[in-house]
Structure formats: structure tokens, C-alpha cells
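Enquirer: Work the whole structure out from these sequences, hints included.
Here is how the chains run, residue by residue.
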Amino acid sequence: MTDIAQPLTTADGKPLKGALMRAQARARRRAFLLVLPLLAFILITFVFPIGQMLYKSVYNEGFTWQEDVTTGDRTPIMTNLAAWFDANPPGTEPNEEAYAALAADLVVLRELKAPGQAGTRINYELSGSRSMFTKAARSANKLEPPYKEALLDLDKDWGNPDLWQAMRGASSSYTLNFYLAAIDRERDADGSIVMVPENRQVYVKLFTRTLTLSLLITFLTFVLAYPIAHLLATLPLRHSNLLMILVLLPFWTSLLVRTTSWMVLLQSQGVVNDALVGMGLLGDDNRLQMMYNRTGTVIAMTHILLPFMVLPLYSVMRMINPSYVRAARSLGATSWTAFRRIYFPQTVPGIGAGALLVFILAVGYYITPALVGGADGQLISNLIAFHMQKSLNWSLAAALAALLLGGVLLLYWLYDKLVGIDNLKLG
Amino acid sequence: MALPKHASTLERVWHYTYLVICVAIFIFLIAPILVIIPLSFNAEPYFTFSDKMLKFDPEGYSMRWYDLLLTFGMQAPEAPRDGSWWADAWSNAQWIQATKNSIIIGFFSTILATTLGTIAALGLSRPEMPGRRAVMAILISPMIVPIIITATGLFFFYSSIRIQDWGIPYLGIILAHATLGIPFVIITVTATLVGFDHSLTRAAANMGADPVTTFLRVQMPLILPGVISGALFAFVTSFDEVVVVLFVGGLDEQTIPRQMWNGIREQISPAILSVATILVIISIALLTVVELLRRRSERLRGMSPG
Chain A
1 MTDIAQPLTT ADGKPLKGAL MRAQARARRR AFLLVLPLLA FILITFVFPI
51 GQMLYKSVYN EGFTWQEDVT TGDRTPIMTN LAAWFDANPP GTEPNEEAYA
101 ALAADLVVLR ELKAPGQAGT RINYELSGSR SMFTKAARSA NKLEPPYKEA
151 LLDLDKDWGN PDLWQAMRGA SSSYTLNFYL AAIDRERDAD GSIVMVPENR
201 QVYVKLFTRT LTLSLLITFL TFVLAYPIAH LLATLPLRHS NLLMILVLLP
251 FWTSLLVRTT SWMVLLQSQG VVNDALVGMG LLGDDNRLQM MYNRTGTVIA
301 MTHILLPFMV LPLYSVMRMI NPSYVRAARS LGATSWTAFR RIYFPQTVPG
351 IGAGALLVFI LAVGYYITPA LVGGADGQLI SNLIAFHMQK SLNWSLAAAL
401 AALLLGGVLL LYWLYDKLVG IDNLKLG
Chain B
1 MALPKHASTL ERVWHYTYLV ICVAIFIFLI APILVIIPLS FNAEPYFTFS
51 DKMLKFDPEG YSMRWYDLLL TFGMQAPEAP RDGSWWADAW SNAQWIQATK
101 NSIIIGFFST ILATTLGTIA ALGLSRPEMP GRRAVMAILI SPMIVPIIIT
151 ATGLFFFYSS IRIQDWGIPY LGIILAHATL GIPFVIITVT ATLVGFDHSL
201 TRAAANMGAD PVTTFLRVQM PLILPGVISG ALFAFVTSFD EVVVVLFVGG
251 LDEQTIPRQM WNGIREQISP AILSVATILV IISIALLTVV ELLRRRSERL
301 RGMSPG
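Sequence order for the protein chains is A and B.
Position 307 (the first sequence) corresponds to 307 in the UniProt record's numbering; numbering is contiguous.
Position 69 (the second sequence) corresponds to 69 in the UniProt record's numbering; numbering is contiguous.
Please note: incorrect hints may appear among the correct ones.
[What the hints assert, rightly or not] To give a feel for the contact side, a few chain A residues facing chain B, derived at Cβ under 8 Å:
1) Phe32
2) Leu34
3) Phe41
4) Ile42
5) Val47
6) Phe48
7) Leu231
8) Leu255
9) Arg258
10) His303
11) Leu424
[What the hints assert, rightly or not] Covered by chain A, according to a simulated footprint, are these stretches of chain B (three or more residues, beta-carbon under 8 Å):
12) 116-123
13) 170-183
14) 254-262
The hints are simulated quantities; they were obtained by calculation from the structure and are not laboratory data.
A quick note: this is a predicted structure, and the numbers were derived from the prediction, not measured.
Note that beta-carbon positions come from the ideal geometry of N, C-alpha and C, so glycine has one too.
Expert: Structure (C-alpha cells):
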């Protein structure tokens with residue numbers, strides 16, 4: 001017997017290690033190729049569009065480029081003014097040179113028929129300024145030096161330092177101003193960041209409201225889900241499967257249907273109020289206002305998200321060995337102590353999974369608050385929709401969406417770390 | 001759950017209180033869905049039980065809102081109900097149009113989501129899949145990302161590639177709904193593949209079956225229940241989706257949820273409740289199918305509790 005270390009080989013004489021590695025690489029490649037079509041699909045139809053939208057939150061060319069809709073030609077606008085801003089630091093008093101640059105740019109705007117676009121961009125930061133641009137562009141050809149007086153004659157607001165600060169911010173396509181606006185901040189005349197006046201502070205308040213309402217809803221779903229999950233987990237499977245249908249049916253029912261039902265129930269002339277009046281618990285003239293306000297949002301969302309709390313709780317509780325509680329009782333614990341010190345700690349993973357899932361879903365909810373929320377039951381999603389569809393300030397909508405998405409992805413990451421996406425179950 | 005003989009009075013009282021609480025929570029879960037069913041037969045245009053309904057007077061009930069669903073948008077709703085009346089309803093009634101659109105969109109997005117999702121789930125459930133966790137996180141993310149963000153992103157994306165000009169009707173909505181349905185397919189199919197005995201595929205290969213035959217004759221029958229429930233989930237997701245349709249759908253691309261959304265926001269009438277009732281009945285049917293499939297899958301894999 002020779003004891004020279006002969007490398008192990010396969011039948012055809014290749015080293016075994018290499019052959020194994022090749023086979024493993026092939027298996028890896030095959031697995032990856034199976035996933036690839038879907039991954040590509042999701043990247044193209046989901047990840048890329050969202051990235052493209054997020055880009056809009058830092059990029060807005062309303063004050064820098066004009067695009068001809070029919071030909072697709074792109075022309076730079078406001079170039080003279082941008083040059084002046086580059087040459088002079090923030091806070092510089094606009095001089096005659098600056099006004100001359102502005103006047104020259106207004107002539108360009110007039111030729112391109114783009115004063116509305118440029119004015120809209122400034123209007124996002126300083127409301128009421130859009131008409132100044134359209135008006136000034138109309139008479140741009142008649143402006144004569146000294147341009148400062150000429151423009152101030154048209155509208156004395158052209159001397160407003162805030163306007164100049166807004167134009168300075170907009171003169172670059174890349175800007176973080178929309179993020180500032182999304183957290184109720186703005187730049188003052190010398191470019192330092194300050195809070196916006198109190199009557200315009202809406203976004204921080206709305207983020208806070210979204211968080212507190214989501215926390216409240218998560219808590220309520222926990223309170224309601226815990227007893228029934230416990231009941232389902234301790235009943236024999238034959239019975240619990242039947243009762244489980246009561247949890248799964250709402251889960252399978254259309255969201256709009258469930259929202260509609262709550263509107264029917266909670267209306268001031270609705271079933272709940274009628275029943276309370278009929279039972280004499282409530283006078284006919286002081287019916288409860290439960291809809292088109294925060295109460296409506298909370299009740300309806302708690303109902304809609306309840307199954308997402310019950311299911312993870314149930315699957316954790318099913319696994320708990322009942323002999324632990326029995327052992328505690330036989331050692332002299334009261335039923336309360338046994339629950340508090342033995343049973344409850346074992347359900348904490350289920351609570352965590354359910355609470356994170358409900359919270360993630362609640363933070364981004366749109367449909368239910370839009371329909372039953374009224375004015376003070378709106379969440380951040382509704383404001384994003386408002387800026388998309390009504391005020392058409394898409395960059396601000398994108399900035400708000402980016403902040404919301406950041407929060408949701410952080411929670412999602414946490415969920416993956418603590419619970420694992422593999423453990424997500426649907427009934 | 002039975003109470004032991006030695007339970008104290010306090011424990012007994014608590015036990016029954018607990019059961020009452022549970023019953024109340026189950027009522028909270030189910031009552032809002034059931035209450036709209038009788039209300040959809042209301043003879044009056046109200047959203048509450050009229051006195052006649054409470055007395056079970058037949059006059060308090062009617063089918064008028066279901067009838068309105070058929071006639072709404074028709075050219076001659078008053079005409080006698082013969083063949084041409086039904087032809088008119090089939091081509092003009094708004095709810096019928098919306099139903100057609102919803103079914104077309106739901107069908108194609110389900111096919112797309114189920115095919116891609118099932119193939120990907122096969123790869124994901126192999127132990128040698130590289131970067132499994134990260135890929136899985138990306139594929140599930142459409143379920144987690146707030147729908148308004150998805151809709152906003154798609155709105156910009158579709159307008160930048162001018163998808164409306166491609167000439168394929170509903171394409172944008174179908175792709176979007178497929179994306180939203182994929183997480184459900186992945187979750188249900190990977191769940192059926194857990195504990196899948198890979199020696200079965202090896203045995204098939206050993207006996208000379210090529211990978212496609214192995215998949216169709218060995219793997220597919222075993223994972224079929226999961227695939228079908230995934231497909232049903234994807235279909236329901238599409239059938240119930242309104243935000244993306246509102247953002248990227250053309251004016252003529254009305255679907256049932258969009259029509260409901262408009263109905264709820266503008267002139268809420270009990271006709272909405274009759275649509276809701278029909279949808280509830282559909283979801284009961286779907287739930288039953290999924291439940292049966294789940295049990296069958298558990299039995300096939302020998303995981304049945306008995």
C-alpha cells in the first residue's frame with residue numbers, strides 16, 4: 001500500500017473537488033435561472049418605476065429645461081439667472097445685473113410659451129408667484145433698462161427676497177427643497193433652513209398622525225386578536241377550522257366591500273345609530289358622528305387588518321405545549337400568574353410578527369381613510385394622492401412617498417430579521 | 001377548553017366572560033360583512049333597516065337594486081325584456097362592461113403571475129439558490145410597499161414609455177396587477193414546496209425522465225393545490241384592486257372596484273350594496289375552494305391532523 005496522498009478523482013480521472021464544485025455551480029445556476037424571469041419582471045415593472053419616481057423628488061426641471069411636447073426638443077431656460085446665482089453667494093441683494101438676467105430669461109420664456117411652467121415651479125415654494133411670471137413674460141419685450149425699476153413697476157413682489165431665494169433653489173434641477181418642504185422646512189432669504197410659518201405646517205403633523213393612528217390600530221388589533229387566537233389555538237382542530245372561517249372570510253372579502261359595510265353601519269342614519277336610538281340609549285337628535293372622522297378610520301381599519309394579527313398569533317399559539325401551563329398550575333401558580341409568566345412570554349414572537357405586519361400595512365393605507373376618513377382621518381398616503389392628482393406638485397408627492405417608503409422598508413427589514421419573510425402565511 | 005372540575009368560582013366566571021368576549025369579537029369580524037346582504041334587498045333608498053324590513057313585510061324587500069345594476073347605462077332600459085333588451089344590457093350596461101374588464105384583466109394578470117411565480121418558487125425552494133433571502137425580499141415587496149407608492153411610480157413609468165400608444169388594451173393594468181399578485185403566488189407555492197422530498201425528482205431522473213417531464217408528472221401534481229390557491233389569491237388581488245386602476249387606467253378601462261369607488265364617492269346608492277353582496281358570495285365560494293385545496297395538499301403530503 002502506498003500512502004502518498006493521491007487526490008480523489010471521479011471515474012473519468014478529474015479531481016473530485018473540482019467536479020463537485022462544478023456540479024454545485026451548475027445547480028446554483030439552474031436555481032437562479034428559474035428565478036431570473038420573475039426577478040427581471042419585478043425589477044422592470046416595480047423596482048425601476050419606484051426608483052424613477054424617487055428620482056423626481058430630487059430632480060425637477062420646471063425652472064431649468066423646457067421640453068416641446070410635440071417635437072421632444074429640449075431647450076434650457078433661465079440660463080442668465082442661473083449664471084448670476086452661480087456668481088453670487090446666497091443672500092446677495094439682487095442688483096441691476098440680476099434683474100437684467102431675469103428680464104432676458106423672461107423674453108426666452110415668452111418665445112417658448114413656458115412662463116406657466118417656470119411660474120408653477122416657483123409657485124410650489126411661494127404661492128401666488130405663478131401669475132407674476134405669466135404677467136411679466138407677456139410684457140417681457142417691452143421691458144427696458146433699468147430693469148429693476150421696470151420689473152418692480154410691473155409687480156413690487158419682484159423685489160421679495162423670498163422669491164429670489166425660491167428662484168435660486170429652482171435654478172438647479174437637482175434640489176433637496178422638496179424634502180425640506182415634506183418636513184415643513186424651507187430656506188429663508190439667506191439660504192438657512194427654517195420652519196415654515198405655523199399655519200402652513202401640515203406634513204409633520206400628518207406623519208405624526210399616521211404613526212399614532214397606526215400604533216393605535218395595531219394595539220386594537222392586538223387586543224381583539226389575542227383572545228380569539230387563543231380560543232382557536234386551544235380548541236380541537238375540527239372546531240377551530242370552522243371558527244377560522246369567520247376570520248378568513250373578512251380576509252377574502254373585497255376591501256371596498258368591507259369599507260362600504262362600515263360606511264353603512266357608521267353613518268349617522270346608519271344601522272348602529274338606528275339601533276342605539278331604537279334601544280333608547282341615544283336621543284334621536286344627538287346621533288354619534290362616527291364616520292368622516294378619525295373614529296371611522298380607526299374602526300374600519302382595525303376590522304380590516306384584524307386577520308393579519310390573528311393568523312400569526314394563531315400559528316405561534318398552536319405550537320405552545322399546554323403542559324408548561326399545567327406544570328405551573330401544579331406548582332401552585334394561580335391561573336393569572338401562569339398566564340402572565342408562562343403562557344404570555346411564549347406568544348411574544350407571534351405578537352411581534354402580527355404587530356409589525358399590521359403596522360406596516362396600516363402606515364401605507366389609502367383606500368379606507370380616503371372613503372371614511374373625512375378631513376381629520378386622512379393619512380400620509382392620501383396626501384401623496386392629493387399632490388399627485390389635485391395640486392400636481394409631483395416632486396413633493398415623490399418626496400413624501402420617499403419618506404414613507406423609507407419607513408416602510410426599514411420596518412420590512414426588521415420584520416425579515418425578526419420573523420423571516422418565509423414565515424409569512426396566508427390562512 | 002373545557003373547565004376542570006376543581007376550578008374556583010372566580011375562574012368559572014372568568015371562563016364564561018372570556019367566551020362572551022370571544023363571541024363578541026367574532027361578531028365584530030363577521031357582522032359588517034353579513035349586514036349588507038339583507039340591506040341590498042331594501043325597497044327604500046336607505047342604508048338602514050326600514051320598519052317594514054324589521055317586520056319581515058315582503059313589501060320592505062325588493063330586487064330593484066339588482067335590477068338597477070343590469071339597466072344602469074343601457075340605451076333602452078324600459079323596453080320589454082326580450083333578446084334585444086339583453087343584447088343592449090350585454091353591450092351597454094356599465095356594470096356588465098366593468099365586469100368584463102375586471103375578468104379580462106384578472107385572467108391575464110393571474111396567468112402571468114402564476115406562471116412566473118410558480119417557476120420562481122421552484123428555484124427559490126432549492127437549497128442551492130444563491131442570495132435566497134435578498135431575492136425573496138424583493139419578490140415579496142410589492143405586497144409590503146404602500147399601494148399609493150406603487151401606483152405613483154407606475155403612473156410616471158407608463159407615461160414615460162407611452163404604454164397607452166402600444167395598442168395593447170389593458171396592458172399597463174395587467175402588468176401592474178401581475179406584480180401585485182406575485183407575492184401571494186410565491187408565498188403559497190413555496191409553502192407547498194416546504195418538505196418536498198427532492199429524492200422524488202432524482203428518482204424520476206434516474207428512470208430517464210427529462211426535467212420537463214419530471215416537473216409535469218412528479219412535481220406539478222404535488223404542488224398543484226398551492227399553485228391553484230396562489231392563482232386564486234392573485235385573481236382576487238386583481239379583482240379588488242382600485243388604486244392602480246385609478247392612476248394608470250384609461251377612461252374606458254372601468255373595472256368593478258373602480259365603478260364601486262366612483263359610486264361610493266359620488267352618489268352612494270344601495271346598488272353598491274347589491275354589488276357588494278355579489279362580491280361577498282364570490283369570496284365565500286373562493287374561500288371554500290382554497291380551504292378544500294389546503295386540506296387536500298396537507299393530505300397529499302401526509303401532514304393532515306386527521
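Enquirer: If a hint holds in the structure, say so; if it doesn't, say that too.
Expert: Now for the hints, and whether the structure bears them out:
The closest approach between the C-beta of A/Phe32 and any C-beta of chain B is roughly 6 Å, which is under the 8 Å cut-off, so the hint is satisfied. At about 3 Å, the closest approach between the beta carbon of A/Leu34 and any beta carbon in chain B falls short of 8 Å, and the interface hint on this residue holds. At a threshold of 8 Å, the smallest CB-CB gap from A/Phe41 to chain B is about 6 Å, leaving the interface hint in force. For A/Ile42, the shortest C-beta to C-beta distance to chain B is roughly 6 Å, which falls under 8 Å, so the interface hint holds.
At about 7 Å, the closest approach between the beta carbon of A/Val47 and any beta carbon in chain B falls short of 8 Å, and the interface hint on this residue holds. For A/Phe48, the interface hint holds, since its Cβ comes within 8 Å of a Cβ in chain B; the closest pair sits about 7 Å apart. Below 8 Å, beta-carbon pairs count as interface contacts, and A/Leu231 has one with chain B at about 5 Å; its hint therefore holds. At a threshold of 8 Å, the smallest CB-CB gap from A/Leu255 to chain B is about 6 Å, leaving the interface hint in force.
For A/Arg258, the suggested interface contact is upheld, since its CB lies about 7 Å from the closest CB of chain B, less than 8 Å. Hint status for A/His303: holds, given a least beta-carbon distance of 6 Å to chain B, under 8 Å. Interface hint at A/Leu424: satisfied, since its Cβ lies 6 Å from the closest Cβ of chain B, which is below the 8 Å cut-off. Only when three residues or more bring their CB closer than 8 Å to a CB of chain A does the claim for the stretch 116-123 of chain B stand; here the count is 6, and the claim holds.
Here the stretch 170-183 of chain B counts 5 residues with a CB under 8 Å from a CB of chain A, which clears the bar of 3, and the coverage holds. With 3 residues having a beta carbon nearer than 8 Å to a beta carbon of chain A, the stretch 254-262 of chain B meets the requirement of three or more and the stated coverage holds.
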